[in-house]
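Peer 1: Listed below, chain by chain, are the residues.
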Amino acid sequence: MRTTIRGTRHRAVALLAAAALGAVLLGGCAEDSEHPGAAGSPGADAGKTTLTVGVFGVFGYKQAGLYDAYMKLHPDIRIKETSIERNENYYPQLLTHLSTGSGLADIQAVEVNNIAEVTATQAGKLVDLSKAPGVRKDDFIPWKWAQATDKNGKTVGLGTDIGPMAVCYRKDLFAKAGLPTDRDAVAALWAGDWGKYLDVGEHYRAKAPAGTAFVDSASGVYNAVISSSAERYYDRGGKLVYKDSPSVRQAWDAAMRAATGKLTARLQQFQKSWDQAFANGRFATVSCPPWMLGYIKEKSGDQGRDVWDVAAAPKPGNWGGSFLAVPEAGRHKSEAAKLAAWLTAPEQQAKLFTKQASFPSARAAYGLPAVAGAKHPYFGDAPIGKIFAAAAEGIPNQVLGPKDLTVNQNITDVGVLQVDQQGKTPEQGWRAAVESIDNALDQ
Amino acid sequence: MAGRTPRSAPSAATPAPDPAATGSSGRAGADPGPGPAGGTGRTAADRARERRSRRYRRDLRWSPYAFIAPFFLFFAAFGLFPLLYTGWAALHRVELTAPTDMEWAGLRNFTRLLGDDFFWNALGNTFVIGVISTVPQLLMALGIAHLLNYRLRGSTFFRVALLTPYATSVAAATLVFVLLFGRDYGLVNWLLSTVGIDGPDWENGSWSAKLAVSTIVIWRWTGYNALIYLAAMQAIPHDLYESAALDGASRWQQFRYVTVPSLRPTILFTCVVSTIGAMQLFGEPLLFSGSAGATGGADHQYQTLGLYLYEQGWVNLHLGRASAIAWTMFLILLVIAAVNALIARRLRSDD
Chain A
1 MRTTIRGTRH RAVALLAAAA LGAVLLGGCA EDSEHPGAAG SPGADAGKTT
51 LTVGVFGVFG YKQAGLYDAY MKLHPDIRIK ETSIERNENY YPQLLTHLST
101 GSGLADIQAV EVNNIAEVTA TQAGKLVDLS KAPGVRKDDF IPWKWAQATD
151 KNGKTVGLGT DIGPMAVCYR KDLFAKAGLP TDRDAVAALW AGDWGKYLDV
201 GEHYRAKAPA GTAFVDSASG VYNAVISSSA ERYYDRGGKL VYKDSPSVRQ
251 AWDAAMRAAT GKLTARLQQF QKSWDQAFAN GRFATVSCPP WMLGYIKEKS
301 GDQGRDVWDV AAAPKPGNWG GSFLAVPEAG RHKSEAAKLA AWLTAPEQQA
351 KLFTKQASFP SARAAYGLPA VAGAKHPYFG DAPIGKIFAA AAEGIPNQVL
401 GPKDLTVNQN ITDVGVLQVD QQGKTPEQGW RAAVESIDNA LDQ
Chain B
1 MAGRTPRSAP SAATPAPDPA ATGSSGRAGA DPGPGPAGGT GRTAADRARE
51 RRSRRYRRDL RWSPYAFIAP FFLFFAAFGL FPLLYTGWAA LHRVELTAPT
101 DMEWAGLRNF TRLLGDDFFW NALGNTFVIG VISTVPQLLM ALGIAHLLNY
151 RLRGSTFFRV ALLTPYATSV AAATLVFVLL FGRDYGLVNW LLSTVGIDGP
201 DWENGSWSAK LAVSTIVIWR WTGYNALIYL AAMQAIPHDL YESAALDGAS
251 RWQQFRYVTV PSLRPTILFT CVVSTIGAMQ LFGEPLLFSG SAGATGGADH
301 QYQTLGLYLY EQGWVNLHLG RASAIAWTMF LILLVIAAVN ALIARRLRSD
351 D
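One line per chain: the protein sequences are A and B, in this order. Per my numbering, the very first residue in the first sequence carries number 1; after that it's consecutive. Per my numbering, the very first residue in the second sequence carries number 1; after that it's consecutive.
Calculated from the structure, these hints are not laboratory results. Some clues are possibly wrong.
[Said to hold, decoys possible] Within a straight-line C-alpha distance of at most 25 Å, the following computed SDA-like cross-link-like pairs (lysine to any residue) qualify:
{"#": "1", "chain 1": "A", "residue 1": "Lys-196", "chain 2": "A", "residue 2": "Lys-355"}
{"#": "2", "chain 1": "A", "residue 1": "Lys-125", "chain 2": "A", "residue 2": "Gly-394"}
{"#": "3", "chain 1": "A", "residue 1": "Lys-299", "chain 2": "B", "residue 2": "Val-176"}
{"#": "4", "chain 1": "A", "residue 1": "Lys-272", "chain 2": "B", "residue 2": "Leu-191"}
{"#": "5", "chain 1": "A", "residue 1": "Lys-125", "chain 2": "B", "residue 2": "Leu-96"}
Same shape as in the complex, but just chain A:
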């Protein structure tokens, strides 16, 4: 009797497991065929070319409806996107896939911090997109085009977006500290010089509401200053010169002034505590590329509406942006190149800006009404199109090197952080950063 009961129970469990497994499998299939083929039935997809797009994070092509629009224009193409949340996981995988020539998507995104390394070491494995149909070099901002072009003139990536920087500030905190709140007046306070920005910070600190700081982090200050200089870690000859680079020194000193002068909220960007500080209004300013607007809106929530505003930065700099590359090992190279060209054409970039706040790297897009007339309701109807386009025009032609990311990360996450959060002296911080970088770059 007992065994019968147990037997039935086992059978029930097995059946349940089988059913669950079946459901999962069916779900998998359903997901596969769910992609919007023209007729909707899986059979209608037969004979179509499927292009895969590999990205990190949210690129917004899907959300802005660009894939759907392209598939409508080209009924024989199906587009599938795969995304890995973070670039630090995406990029090593991209490198291994490129080296083995397998597992690659037809189009692969590359982050601006990696583009110099990709251009220098992987150009042979990527298609020259300057010759792809539909690509017009003159559409792009010149330095963006140059960043993905190697010594032989081969362009391995098309710019998707750039990150011209402004400064986002809280009007309520500025008012309490006796500072102007109008965005033009605020921009005029620090125009042309990051030193003036820190002067404003000291003024803020003198009268600041308790428990608030002028800027979120010293690393943020470092990044903002270094991003507005033309030469950073490499000289134009491609030599690593960060130890004696005047612009690194200038950015470092600015960050140290912020850290030791207690102008920062001692946070680390993109960490949970940073998000919480947004929600609690703990700092008054933060460097603000267009993609940061969405982040602030999400983290500050409803109580941040009309509290935050956007002003021009002391000096225009660039923070972020990506490229689309087409691997040679792809099965549909020419179709992929066409799609990459279309996705990065000015009209599409403008559309992406409206939907996803990714700022166009195509200069031709700045004149389009979608960009020129753009206002952001959350930020007091700030004319973000105008502000960011002006910043974009002023960004210097930055010299990028293959190990920019490593150098930058160690300076901010080791050097600046030790001073800002662990209370070490600037000398200790700099020494630790250099030691860390030397170790990281040593093969």
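Since the structure of chain A is provided, determine the placement of chain B on it from the hints.
Peer 2: Just chain B now, with coordinates in the frame of chain A:
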């Protein structure tokens, strides 16, 4: 296996030897061959039967290997090959940007570790975090298992509850702990402030960061070890306790003189498993640093060997150096295993 009579067994009409009995003793007895039994007048049915029986014997002999082959194939592909390849890569200067472009470096990747401050720092951190997480974890597990070993109402519930932290993903658990140990809005510091203590900046302190990371480890693995202890405790004969009780031993004395000695092999096992786990500690410190990646804090104050390996390989893209670290970790684990074997032998000879 040998006792079963397969369907294709030769019928009584053909007096072929029973393959089930001789299958493992070699071919000689198993193969009847064209003997006089069949004579010259062998029918097609005879031959077919013979073929069947030969096929059956081959099946019996080789199919077990086929059944376990997938494991060995997978092991070769995902265990052995990476191990050997890593060893090979460790002897080269090789970068992830060009993995096929290897330059012979001999033992340089290993010898340089001797003078690498970051490696020694990581090794020290791994050791410290390992000790301050493993010791309390195993002691607590032993205590909890002892309590659960009493007759309790709803004991199944408690046992399942114990396993839930283990079943939680490291990522999810760590994210919660990051919030708990936050400097400004963390629950731990808030609780401390209610009793008038100014909580530390957990992540930025050297010891506080290690403590916080080991808390996550303890939380996750205590229940798992407790269940192992509990299983072993339930195998201890009850009369041992009865006679101890008759001799007037208290609960504590029973635990001390009956339970713990009987559990010795189990305790040794959990020690070994926890040591290996501590050596490979990776997820908790990685996620504890939020988005900062593999540096393990501004001062590398909680960068473990696993994290350093990851940083060298996947952040700095030095495949050769990372491989050398991986092999060094492997060698350290071998040493630990050898020490453990020695201790185990000593324990056995003590008995």
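Peer 1: Compare the distance between the alpha carbons of A:Lys-272 and B:Leu-191 with 25 Å, and conclude whether the hinted pair is satisfied.
Peer 2: holds (19 Å)
Peer 1: Within 25 Å, alpha carbon to alpha carbon, are A:Lys-125 and A:Gly-394?
Peer 2: Given pair A:Lys-125, A:Gly-394 is violated - Cα atoms ~33 Å apart, limit 25 Å.
Peer 1: Does B:Leu-96 lie within 25 Å of A:Lys-125 when you go C-alpha to C-alpha?
Peer 2: holds (14 Å)
Peer 1: Please work out if A:Lys-196 and A:Lys-355 have their alpha carbons no farther apart than 25 Å.
Peer 2: violated (34 Å)
Peer 1: Given the hint that A:Lys-299 pairs with B:Val-176, does the C-alpha gap stay at or below 25 Å?
Peer 2: holds (18 Å)
Going down the numbered hints, you'll see the structure goes against 1 and 2, while the others check out.
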